[in-house]
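Residue numbers (our numbering), protein chains in the order written: chain A, 142 to 289; chain B, 142 to 289.
Please keep in mind that the hints were generated in silico from the structure rather than gathered at the bench.
Be aware that a few hints might be false.
The list treats identical chains as one, so a pair stands whether inside a single copy or across any two.
For lysine-lysine, the following DSS-like pairs were computed, each having C-alpha atoms within a straight-line distance of at most 30 Å [to be verified]:
hint, residue 1, residue 2
1, K193, K147
2, K284, K147
3, K193, K284
4, K147, K262
5, K262, K193
Protein chains: 2
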Amino acid sequence: MCEPMKIAIASDHAALDLKAELREWLIELGHEVADLGPDTAESVDYPDYGYKIADVVAEGTVERGVALCGSGLGISIAANRNPAVRCAMVSEPLSATFARSHNDANMIAMGARIIGPEMAKACIAAFLNTEFEGGRHQRRVDKLSNPS
Amino acid sequence: MCEPMKIAIASDHAALDLKAELREWLIELGHEVADLGPDTAESVDYPDYGYKIADVVAEGTVERGVALCGSGLGISIAANRNPAVRCAMVSEPLSATFARSHNDANMIAMGARIIGPEMAKACIAAFLNTEFEGGRHQRRVDKLSNPS
């Protein structure tokens, strides 16, 4: 497994239980985890939490972000509004591996209504343990920070 | 099936064959399809095509966009830089259904190295045939157009 990292995690109400399970698992693995909420099951709007976690990833306060909502789609769209964020919406580990090796992803998004906690852990493990390949991929990643 | 729509499709070199197959299938279904390229197998950068298709979707030149690359991740991140675009990265039809019913997605992204052409068609069918639910989802979708 990779060296301990600073990792932020955030969700909406639909993914509250998955967030709690993944947070505890990441802490057990030795990572420093910032849980950006929500803290209760009250209904919230996923864009608020998507923007919040994107901000701390973009600022460099944390090295990686894990974003969760019902499908994973809404919070990933919100996070990718930030040009410093590369948030990969995944539901299996192969895509999480490509997200790192080709896209240098600094965030991962998953859906609590789509995949279970063990699949989510397998995706995060691939996301944390895969290095960016650089080379021709660097030019493309650079273009993601400079939308026309 | 839904009424005929104006649909744009774009990819990178890794998804050229999938793009051709989906383009012909959409035309057979009666849709008007704008193929934004690429036209050859020469290596290209997915952000260029992601920004290009996002522009025509945002302008309203087309009603929907279909974006493809190796994993689907890179081109979906690029498309979502445009605050008028809601591009759903999917690999199965249930998520494509949520993308429409909850997120009012106007674009879908898929990975040619991750899913095959029949799965991609099932995702597009769900994407084209599902209505947005509105209600509480509208407020969240509105927030996606106004990143903080």
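Results of checking the hints against the structure:
1. With identical chains, the CA atoms of K193 and K147 are at most 30 Å apart within one copy only, with a shortest distance of 16 Å there and 35 Å across copies.
2. In this assembly of identical chains, K284 and K147 lie within 30 Å of each other by CA distance both inside one copy and across copies; the values are 26 Å within and 28 Å between.
3. In this homomeric assembly, K193 and K284 come within 30 Å of each other (Cα to Cα) both inside a single copy, at 23 Å, and across copies, at 13 Å.
4. Taking the closest pair of Cα atoms, K147 and K262 come within 30 Å of each other only inside a single copy of the chain (17 Å); across copies the shortest separation is 39 Å, beyond that limit.
5. Taking the closest pair of Cα atoms, K262 and K193 come within 30 Å of each other only inside a single copy of the chain (22 Å); across copies the shortest separation is 35 Å, beyond that limit.
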